[in-house]
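Let the sequences and hints guide you as you build the complete structure.
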Amino acid sequence: MANIEKFANPTRFLRLQEKVQPWLVAITVILFSVGLYYSLVKAPTDYQQGETVRIMFVHVPAAWGATMVYAVMALSSAIGIIFRHPLADLSAKAAAPIGAVFTFLALFTGALWGKPMWGTYWVWDARLTSFFVLFLLYLGYMAIWQAIDDHHRAARIAAIVALVGAINLPIIKFSVEWWNSLHQPSIMSMKGSSVHSSILIPLLIMALAYSFLFLTLHLWALRTELRKHKIRQLQMQAAKRV
Amino acid sequence: MTMDFSARHVDFVIICYAVSAVMLLGMTAMVVLRSRNADRLLVKLEAERAKHRAARTPTHKVAK
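So the protein sequences, as listed, match chains L and B. Just add 126 to wherever you are in the first sequence, counting from 1, and you've got my numbering. Just add 240 to wherever you are in the second sequence, counting from 1, and you've got my numbering.
In case anyone wonders, no lab produced these hints; they're calculated from the structure. A couple of the hints might just be wrong.
What the hints assert, rightly or not - If you want the footprint, here are the derived chain B segments under chain L, 3+ residues with CB under 8 Å:
1) 243-254
2) 258-264
Claimed, not checked - Only pairs whose alpha carbons sit at most 20 Å apart, straight line, appear in this in silico PhoX-like list of lysine-lysine:
3) B/Lys-291 <-> L/Lys-356
4) L/Lys-366 <-> B/Lys-284
5) L/Lys-354 <-> B/Lys-284
6) L/Lys-354 <-> L/Lys-366
7) L/Lys-145 <-> B/Lys-284
8) L/Lys-366 <-> B/Lys-291
9) L/Lys-366 <-> L/Lys-356
C-beta atoms are modelled at their ideal positions from N, C-alpha and C, and glycine is treated no differently.
Have a look at this one:
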């Protein structure tokens, strides 16, 4: 906890972000390069899905990323509400657009996988619908920040929305078990994985690449939010002078 | 084991990878551009504040 408090200091955070940023960019580029090589070259064609199986290597990491980013957003919002730490609110705000893009990609690539496999782009199935709700939650969260000028008020309302919306995460996770779903069950569980290593390895590398991309962009966007906070303060001081 | 470009539905795979690349690169570019714009504006505002402070100091000295 002491370490978290140490880096939650904005000045220390900015110093740390500047130090780790080049490393994060390098790791992300390497992971995407290796992941794409495995996904498009090394991974075998599936006997049932054919070449369409390769869509999984961008669809599944995007879906995992989308739920992970929302969990980060909800956790940051909870910290913002409980400890009133300004960096926590900005962290949630910075994460939202990244999560929205991941969710859009999961929905889009899922639809394109669904057409050849299920014969349709979309069904109002529990997993697909709960994922669409996640996309709407991201859009709603971002709209709140855009619509309310008062920073503190926007942060409080957005945090409440993020926390209420977090109830959707277990619904997404267990939707394939609770309801009859066209979507296949989770491939990863506590007992291990249900897919062959030739498919699992590219999937995990791509998931790691998406996670590092999120970490890189999130810290970068958080730095920008801190800068914008300082800009607002300077603009207010300038307005008082006039 | 390389991807077979003559296989059925390969166009779906290509679209998925292309859209993912465009969206992820676009998002990265947006984050970088917003960061650069904020840095530029901050430098400008700090310079203005410093200029204002410098302009105010001699006036006070004259007044004394």
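*Which hints from the list above does the structure break, by number from lowest to highest?*
7
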